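K.L.:
Chains as they are written, first to last, in the numbering used here: chain A, 17 to 374; chain B, 17 to 374.
Think of the hints as simulated: they come from the structure by calculation, not from any bench.
Incorrect hints may appear among the rest.
One copy or two, it doesn't matter: identical chains are merged, so the pair holds either way.
[Unchecked claim] 16 Å max Cα-Cα, derived EDC-like pairs, lysine to aspartate or glutamate:
(1) K328 - D114
(2) K328 - E59
(3) K328 - D39
(4) K328 - E147
(5) K328 - E34
(6) K253 - E130
(7) K253 - E28
(8) K328 - D371
(9) K253 - D39
(10) K253 - D134
(11) K253 - D216
All values reported here derive from a predicted model rather than from experimental measurement.
Residue-level listing of the chains:
Protein chains: 2
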Amino acid sequence: MNLFRPNIQRLEGYVPGEQPQEDGWVKLNTNENPYPPSPRVREAILAAASGRLNVYPDPLGTEFRRRAARLLELDPDWILPANGSDESLTILMRTFVDPGETIAFPYPSYILYETLADIQGARHERLRLNEDWSWNFEAAVPVIERAKIVFVPNPNSPSGNLWPENELCRLLPPHGLLVLDQAYIDFADPSADVKLLQADGGDQIVVTRTLSKSYSLAGIRFGFAVAHPDLIAGMRKVKDSYNCDTLSLAAACAALDDQEWMHENVRRIQATRSRLTEALRARGFTVPDSRANFVWATRPEADHERIYEELKRRRILVRYMPFPEAGPQGDRTVDGLRITVGTDEQIDRFLQALDQVL
Amino acid sequence: MNLFRPNIQRLEGYVPGEQPQEDGWVKLNTNENPYPPSPRVREAILAAASGRLNVYPDPLGTEFRRRAARLLELDPDWILPANGSDESLTILMRTFVDPGETIAFPYPSYILYETLADIQGARHERLRLNEDWSWNFEAAVPVIERAKIVFVPNPNSPSGNLWPENELCRLLPPHGLLVLDQAYIDFADPSADVKLLQADGGDQIVVTRTLSKSYSLAGIRFGFAVAHPDLIAGMRKVKDSYNCDTLSLAAACAALDDQEWMHENVRRIQATRSRLTEALRARGFTVPDSRANFVWATRPEADHERIYEELKRRRILVRYMPFPEAGPQGDRTVDGLRITVGTDEQIDRFLQALDQVL
Chain A
17 MNLFRPNIQR LEGYVPGEQP QEDGWVKLNT NENPYPPSPR VREAILAAAS GRLNVYPDPL
77 GTEFRRRAAR LLELDPDWIL PANGSDESLT ILMRTFVDPG ETIAFPYPSY ILYETLADIQ
137 GARHERLRLN EDWSWNFEAA VPVIERAKIV FVPNPNSPSG NLWPENELCR LLPPHGLLVL
197 DQAYIDFADP SADVKLLQAD GGDQIVVTRT LSKSYSLAGI RFGFAVAHPD LIAGMRKVKD
257 SYNCDTLSLA AACAALDDQE WMHENVRRIQ ATRSRLTEAL RARGFTVPDS RANFVWATRP
317 EADHERIYEE LKRRRILVRY MPFPEAGPQG DRTVDGLRIT VGTDEQIDRF LQALDQVL
Chain B
17 MNLFRPNIQR LEGYVPGEQP QEDGWVKLNT NENPYPPSPR VREAILAAAS GRLNVYPDPL
77 GTEFRRRAAR LLELDPDWIL PANGSDESLT ILMRTFVDPG ETIAFPYPSY ILYETLADIQ
137 GARHERLRLN EDWSWNFEAA VPVIERAKIV FVPNPNSPSG NLWPENELCR LLPPHGLLVL
197 DQAYIDFADP SADVKLLQAD GGDQIVVTRT LSKSYSLAGI RFGFAVAHPD LIAGMRKVKD
257 SYNCDTLSLA AACAALDDQE WMHENVRRIQ ATRSRLTEAL RARGFTVPDS RANFVWATRP
317 EADHERIYEE LKRRRILVRY MPFPEAGPQG DRTVDGLRIT VGTDEQIDRF LQALDQVL
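Starting from the given sequences, assemble the full structure and let the hints guide the process.
P.N.:
Here it is as structure tokens:
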């Protein structure tokens, strides 16, 4: 007897990047930060682990909201903590998108939006980007007009480019929400504000952020949404009561308290990113200027999948990503290698292996 | 502009039990375990906190699944880890229940099933229990026949009673799933098996368990679903990739490794439960025999809400719960006090305060 919902039965399921659990890999495939989190994080976890784990966490994450709000110069009721940015996106879908409604997102981009729409029984439309990763507004406008949510990762993945805010405002759906997925924003500007939420149309914008990337905390699962309190209040009704646990709340507070640590790691990653970009270009790759902690490398005539596999044989993991039906006309496959900016040493090992492979 | 889905707009939202963040309360309102978790849990968290928090956790929770499977004498692909039992229930709803389909559950019982159905846009029907908490099968059968999921907490909350398995099998929907929410099962039998999953009809049953209660780990948010691998595989497509974090996975593994610690705490709670039950009955309360870590106390003619408030003034929190439209005919409000079995000292303070209030 098949008991699944038809959309779940059809679903292939989102496949996250490979996560080898054994040591010995140079892991440049899931955009993790190669540097450890602030030492304050470990201290905060130790203190929390010695505390009362037998009781439920604060369902509202009050202490975290206070800190995030101070950082972004808002009131705490603009902040919704979540079990990773993926949960923020899931909550958005369940709060605002009825089955049959349409969501839209750039393409190529983060493919999870499509999976979440499928789970919700919603329609999804790809806003196909030009070859230089710019918007094709003419094609996008009719889709945006009927979209309930337009999701835009900024910086975008896999390209790493950052779109200016005045372009993003043109993507605001007249009867829906614009969700700016800022998972990688700190690598563009670790002091980036969210002032556009308080400007005209800001009550139709949600910003999502994560501690997985710039704060080196992919392991604790912590993200948060920022939006007008009316939107946050509705999203709160949908989230599980205790979606964030005692340890991750403590870790997240400590991480936000050590801005200097995060800024310093961002500076190191930015420096390595420049070096990696130049090294790849010197080897004949096309690499758009990245504002994230990864770069997108393509090479005319190259078999990118073979390069990925040859690197993997040498225990170096990068992400091979094919995007079928891409390009402004949807008539070609865009594929390439997305390479996380690791430590200088990791990047040296990667380049060494790459030279053997090419 | 109202952008919410109509069902979310209407939703009042589930209100969890009060969670005062300051000390000084005798907290008997959310069925937390008064004893700390195994010391091995703290050690495991410290080790994990010194490890690589900058990388993502194992998306499958392999180590935890191996341990839970061994404990329940199954293969690991029967196990799905989740961010608390609430997440297991959310995943079940999103995997199996299309908007417009019907779910059912006993009443009075855990009210979250209703909230989750509302969020999903599903219908819900209450299977009204008899006054002695037994099933009214005659009334239930026609509802069960059209239900996609029947949720049954066993032991039930707020009553604490345990229904025998042969009764539960009569609640299996012919074209749906029976979900046995065993959040409190260890307080009935800390060695309870899940053999009914491998019996006739077992491929339509899902068992959910949690580490929040018997393992004293409400703070880390960890639950798991147990079901036929085909069901688990579908649910895995719906969950967020990294729904459980590195620290909670480590803590959960360590907790399962120390069965003796959990069994010992269960024995203590069972002893205190007997004492609490007798003390309440001696004070004129009706208390059904509880197999959980709480008791349900009612007293003819008593104003239960006033007792709750008077206790709260004395910094003793119990849960006042009114269930309107209850009883086999749905024509009366069942209300009473749900009192968590705390330590002997907490229960003494509770009884002392109660004697002042009555």
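K.L.:
One pair to classify: K328 and D39, alpha carbons no more than 16 Å apart. Within, between, both, or neither?
P.N.:
within (14 Å within a copy, 53 Å between copies)
K.L.:
Regarding K328 and E147, is the shortest C-alpha distance of 16 Å or less found within a copy, between copies, in both, or in neither?
P.N.:
Result: close neither inside a copy nor across copies, 28 Å intra and 65 Å inter.
K.L.:
With identical chains, the pair K328 and D371 could be close in the same copy or across copies; at 16 Å between alpha carbons, which is it: within, between, both, or neither?
P.N.:
within (14 Å within a copy, 71 Å between copies)
K.L.:
As a check of your reading, is K328 near E59 (CA-CA no more than 16 Å) within one copy, between copies, both or neither?
P.N.:
Neither way: K328 and E59 sit 36 Å apart in one copy and 35 Å across, limit 16 Å.
K.L.:
At most 16 Å between C-alpha atoms: does K253 with E130 qualify within a copy, between copies, both, or neither?
P.N.:
between (23 Å within a copy, 13 Å between copies)
K.L.:
State whether the alpha carbon distance between K253 and E28 is at most 16 Å within one copy, between copies, both, or neither.
P.N.:
Classified as between; 7 Å across copies, 29 Å inside a copy.
K.L.:
How would you label the pair K253, D134 (within, between, both, or neither) given a Cα cut-off of 16 Å?
P.N.:
This pair counts as between: shortest inter-copy Cα distance 11 Å, intra-copy 22 Å.
K.L.:
Since the copies are identical, ignore which copy is meant and state whether K328 and D114 lie within 16 Å (CA to CA) inside a copy, between copies, both or neither.
P.N.:
neither (42 Å within a copy, 41 Å between copies)
K.L.:
State whether the alpha carbon distance between K328 and E34 is at most 16 Å within one copy, between copies, both, or neither.
P.N.:
within (11 Å within a copy, 51 Å between copies)
K.L.:
Evaluate K253 and D39 at a C-alpha cut-off of 16 Å and name the case that applies: within, between, both or neither.
P.N.:
neither (41 Å within a copy, 27 Å between copies)
K.L.:
When no copy is named, should K253 and D216 be tagged within, between, both, or neither for a Cα gap of at most 16 Å?
P.N.:
neither (26 Å within a copy, 38 Å between copies)
Violated hints for the displayed structure, listed by number in ascending order: 1, 2, 4, 9 and 11.
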